[in-house]
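K.L.:
Heads up: the sequence lines are chains A and B, in that order. Heads up: the first sequence begins at 1 in the working numbering, then just goes up one per residue. Heads up: the second sequence begins at 1 in the working numbering, then just goes up one per residue.
Because the hints were derived from the structure by calculation, they are not lab data. Be a bit skeptical, because a hint or two may be false.
[As the list claims (entries may be wrong)] Simulated crosslink set (DSBU-like; lysine-lysine; CA at most 30 Å straight-line): (1) B:435 x B:478; (2) A:271 x B:478; (3) B:478 x A:304; (4) A:266 x A:143; (5) A:140 x B:478; (6) A:403 x B:320; (7) B:196 x A:304; (8) B:79 x A:266; (9) A:143 x B:196.
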Amino acid sequence: MLAAIGVRSIEELFEDVPEHVLFPALALPPALSEMEVRWEMEMLAGANLTAADGPCFLGAGAYQHFVPAVVDTVLRRGEFYTAYTPYQPEISQGTLQAMFEYQTMICDLTGMEVSNASHYDGATATAEAVIAAINIQRMKRRKVVVSPFVHPEYRAVVRTYTQGMGLTVVGDDGAAADVVSLLDEGTACLIVQYPDFLGRIEDLSDLAKAAHAVGVLLVVVTDPVALGLLKPPGAFGADIVVGEGQGMGAGLNFGGPYLGFFATRKEFVRKMAGRLVGQTNDQEGNRGFVLTLSTREQHIRREKASSNICTNQGLVALAAAVYMAALGKCGMRQVAELCYHKAHYAQQRTLEISGFSAIDDRPFFKEFAVRCPRPVQEINDYLLDEWGIIGGYDLGRDYPDLKDHMLLCVTEMNPREDIDALVEALQEVAL
Amino acid sequence: MTQPLIFEISRPGRCAAVLPALDVPPTELPDTLVRDDLPLPEVSEADLVRHYTRLSQKNYAVDIGYYPLGSCTMKYNPKINEEMARLPGFARLHPYQDAYIVQGALFLMYHLQEFLKEIGGFAAVSLQPAAGAHGELTGVLMMRAYHLDRGEDGRDVILVPDSAHGTNPATTTMSGLRVVEIPSDARGNVDMAALKAACEEHGDRLVGMMLTNPNTLGLFDENVGEIAELVHGVGGLLYGDGANMNALLGIARPGDLGFDVLHYNLHKTFSAPHGGGGPGSGPVGASERLAEFLPAPVVAVDPEESDEESLFYTFVDPLKSIGRVKAFYGHFGVMVRAYAYIRMLGAEGLRRVAEYAVLNANYLKERVKDTYPVPYDRICMHEFVCEGRLAGAPDVHALDVSKRLIDYGFHPPTNYFPLIVPEALMIEPTETESKDTLDAFADALLRIAEEARTEPDLLHEAPYTAPVRRLDEVRAAKDLILRWEPD
Numbered sequence: 001m002l003a004a005i006g007v008r009s010i011e012e013l014f015e016d017v018p019e020h021v022l023f024p025a026l027a028l029p030p031a032l033s034e035m036e037v038r039w040e041m042e043m044l045a046g047a048n049l050t051a052a053d054g055p056c057f058l059g060a061g062a063y064q065h066f067v068p069a070v071v072d073t074v075l076r077r078g079e080f081y082t083a084y085t086p087y088q089p090e091i092s093q094g095t096l097q098a099m100f101e102y103q104t105m106i107c108d109l110t111g112m113e114v115s116n117a118s119h120y121d122g123a124t125a126t127a128e129a130v131i132a133a134i135n136i137q138r139m140k141r142r143k144v145v146v147s148p149f150v151h152p153e154y155r156a157v158v159r160t161y162t163q164g165m166g167l168t169v170v171g172d173d174g175a176a177a178d179v180v181s182l183l184d185e186g187t188a189c190l191i192v193q194y195p196d197f198l199g200r201i202e203d204l205s206d207l208a209k210a211a212h213a214v215g216v217l218l219v220v221v222t223d224p225v226a227l228g229l230l231k232p233p234g235a236f237g238a239d240i241v242v243g244e245g246q247g248m249g250a251g252l253n254f255g256g257p258y259l260g261f262f263a264t265r266k267e268f269v270r271k272m273a274g275r276l277v278g279q280t281n282d283q284e285g286n287r288g289f290v291l292t293l294s295t296r297e298q299h300i301r302r303e304k305a306s307s308n309i310c311t312n313q314g315l316v317a318l319a320a321a322v323y324m325a326a327l328g329k330c331g332m333r334q335v336a337e338l339c340y341h342k343a344h345y346a347q348q349r350t351l352e353i354s355g356f357s358a359i360d361d362r363p364f365f366k367e368f369a370v371r372c373p374r375p376v377q378e379i380n381d382y383l384l385d386e387w388g389i390i391g392g393y394d395l396g397r398d399y400p401d402l403k404d405h406m407l408l409c410v411t412e413m414n415p416r417e418d419i420d421a422l423v424e425a426l427q428e429v430a431l
Numbered sequence: 001m002t003q004p005l006i007f008e009i010s011r012p013g014r015c016a017a018v019l020p021a022l023d024v025p026p027t028e029l030p031d032t033l034v035r036d037d038l039p040l041p042e043v044s045e046a047d048l049v050r051h052y053t054r055l056s057q058k059n060y061a062v063d064i065g066y067y068p069l070g071s072c073t074m075k076y077n078p079k080i081n082e083e084m085a086r087l088p089g090f091a092r093l094h095p096y097q098d099a100y101i102v103q104g105a106l107f108l109m110y111h112l113q114e115f116l117k118e119i120g121g122f123a124a125v126s127l128q129p130a131a132g133a134h135g136e137l138t139g140v141l142m143m144r145a146y147h148l149d150r151g152e153d154g155r156d157v158i159l160v161p162d163s164a165h166g167t168n169p170a171t172t173t174m175s176g177l178r179v180v181e182i183p184s185d186a187r188g189n190v191d192m193a194a195l196k197a198a199c200e201e202h203g204d205r206l207v208g209m210m211l212t213n214p215n216t217l218g219l220f221d222e223n224v225g226e227i228a229e230l231v232h233g234v235g236g237l238l239y240g241d242g243a244n245m246n247a248l249l250g251i252a253r254p255g256d257l258g259f260d261v262l263h264y265n266l267h268k269t270f271s272a273p274h275g276g277g278g279p280g281s282g283p284v285g286a287s288e289r290l291a292e293f294l295p296a297p298v299v300a301v302d303p304e305e306s307d308e309e310s311l312f313y314t315f316v317d318p319l320k321s322i323g324r325v326k327a328f329y330g331h332f333g334v335m336v337r338a339y340a341y342i343r344m345l346g347a348e349g350l351r352r353v354a355e356y357a358v359l360n361a362n363y364l365k366e367r368v369k370d371t372y373p374v375p376y377d378r379i380c381m382h383e384f385v386c387e388g389r390l391a392g393a394p395d396v397h398a399l400d401v402s403k404r405l406i407d408y409g410f411h412p413p414t415n416y417f418p419l420i421v422p423e424a425l426m427i428e429p430t431e432t433e434s435k436d437t438l439d440a441f442a443d444a445l446l447r448i449a450e451e452a453r454t455e456p457d458l459l460h461e462a463p464y465t466a467p468v469r470r471l472d473e474v475r476a477a478k479d480l481i482l483r484w485e486p487d
């Protein structure tokens, strides 16, 4: 091969590289065989205590839900996971059709008309919703109102993404009693979460009306697992629905890769970022699928693109599609009901313990906040050390007013014995 | 054969999942908030598995054959990495668990940061960005924040070469900054005269420059040192698009070349699979002066909790962080794969990756360049760009050549990019292909060139052997059917 190229050595191929930086001696650990790498990785994995090792009541945006074996069976097919982005549709119909089906199911679940083929996660999908809303409003409205009960990390990501755009992001500092009071003619969108970060659910119809009355778009961040039971945001009049799809087949994976989904009204489709699969025909008239409306995207429009997004969460979206199809109409409802009833059982039992109380009596889905008699960190340490239980999320991290409040999450993965053990452990804590 | 949609094989009452019975007393449902209808498919497990298996068979993939996709680095994905990412000790970790019960995961992240620092020649690395474009956004926001921190709020210009990936200008706009395009010279490098003029014109407004090196022509820009000096000379910073890092592993470190910030693509260079479009992972490396602007959090050693026997790892927020760019810490599952890859290769193995990638590209270029003109013909790095317009076949386009390659069992190369080459075919063989594969691919390209002259319609109509014929993309964009509707 060297002779064909006309050089004497591989080193000669690098003559354009400045000599003083060429061939650095990299200080990396010595190479391992496959067997040794496995040992090292098993050792590292074994050094963690996981949600599989005992009862876990942590949620707050990443959830333990059951993943049927069919999901990973599909994901492990090399034809799916070693495929490239389906830019060559003739040899990518598998991915394209699966994404078309994914888009359809996301629309049905959220009650919206169009869905893209995914964003990185719930947080970045929320940030992209803000950018879409600004563009839909023709850049004339520069204020974004966000509820304090949108996931704190999502709110942080919205601020990071928009720091160069000259926007004002308000509403989540706790100063206003009601986000509706902040809406005005200069507001592009209102972002709320449903169920909210504290797990609470409410009818969003009035909020949608109030927003629309002043031309403000309603962006709803939602949990697709909850939508197996609850009215979809589209039914309340939401304009953009985004969220984290991790609960549908992605597993916990220490925070990623997860799945951002994004759905909206058909009239806004050209302002929606990200890849989009559309149906068409081949030259013999057979149904087929292609990536479409790519004129919105960075590789065509460059500096005029609606976003810079390129790589998305293809395989995780496939997992969600298989999950939604596997559980289907009955299973999705069943999972949601299991979560609902178990979470309520857990809440009722917890509130019976003296020293624990609710923050309000609003309806909730699978998470609830409780005021605790001791600091949350102390309680969690006790739960783990004495009971092997991974406790709840410390709300004081994000909400100064909710110091000593814990957010507990209960799903279909928590059998009654786990919940009873948690209650017994919390009783000991309260003493 | 057309595979029906999952909705078309749905039958009332079927379900592919069996869930446990409710084992607690039920609570009344919030009636006004309960949905009436949930129009999801109803299929059995067997039907479901067959559906997706059949769909999978309509895909091309690295496990099936060779992808010469320029700038995408479609190398083979080692199978051990897939298994490691699925170890329950990784896969079932909740991101909010206390640091002291996730030390194995934090060890892995910390050391992956260290490996990437060493490979790229940077002072610090954040693993948070989700993909290459996300890493770009992170890096450009960091450059912007750096200037603002120094009280230089008039800087709003980013220089972008005309050969750049589309993500570069798109990222600039998203960051609230302005693109000034710099042309390429006759050798495919950045035109130095144009760069000098731009640096003079925009000097005190310059945030920095985004540069891919090797660039999208697959050429190493020999003037990179001078480019860095020019940009730094007017107070700007140099951003590195790491999409082409596969050419530099163990060859040169971007940090040593003068780059201030760079994103890595773990799904290109470090062998994580592309997943049919993702997930990727786009860690960002930063020089000393940009390190404190990295997104929060990064993994660090906690000196308080560490002792001589063992180090304790924890998350910390860099001092002047631009904030977080996504929820949690990044694509941990992809990090596990990249970590395993780097551990199996070590320093020598990584250098061999780049050497063989570059050797393969040059060999392939020599094999085809007499037929497919190479406009910038010099020793290339890991990829090269040739023209898909052929002597004696005026009506044949790069697209036709690409589609015909499908019939020969290959994935087409990247088409019509970079924009500065007409009818571009951008070819990146990667290091994981053998000479046999490269020869078979070159033979196919040469035979197609012959067909283009003798039977051009054969190319216009291709492919013939794919699961579908050429698809009507114009109609897709016009009719806009983006979801299935029941009849």
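K.L.:
Please go over all the hints and tell whether each is borne out by the structure.
P.N.:
Here's how the hints hold up against the structure:
With a CA separation close to 44 Å, the supplied pair residue 435 of chain B and residue 478 of chain B exceeds the 30 Å bound. Proposed proximity of residue 271 of chain A and residue 478 of chain B is supported: the alpha carbons are some 16 Å apart, at most 30 Å. For the given pair, residue 478 of chain B sits about 21 Å from residue 304 of chain A by alpha-carbon distance, which is consistent with the 30 Å threshold. For the hint linking residue 266 of chain A to residue 143 of chain A, the alpha-carbon distance of about 24 Å falls within 30 Å, and the restraint holds.
Proximity of residue 140 of chain A to residue 478 of chain B is assessed by CA-CA distance (about 29 Å); at most 30 Å being required, the pair is judged to hold. A hinted pair counts as satisfied when its Cα atoms are at most 30 Å apart, and residue 403 of chain A with residue 320 of chain B qualifies at roughly 26 Å. Annotation: proposed proximity of residue 196 of chain B to residue 304 of chain A holds, straight-line Cα distance about 26 Å (limit 30 Å). A threshold of 30 Å between alpha carbons decides the hint, and for residue 79 of chain B with residue 266 of chain A the separation of about 41 Å lies outside it, so the pair is violated.
For the hint linking residue 143 of chain A to residue 196 of chain B, the alpha-carbon distance of about 39 Å lies beyond 30 Å, and the restraint is violated.
Of the numbered hints stated above, those contradicted by the structure are hints 1, 8 and 9, listed in ascending order.
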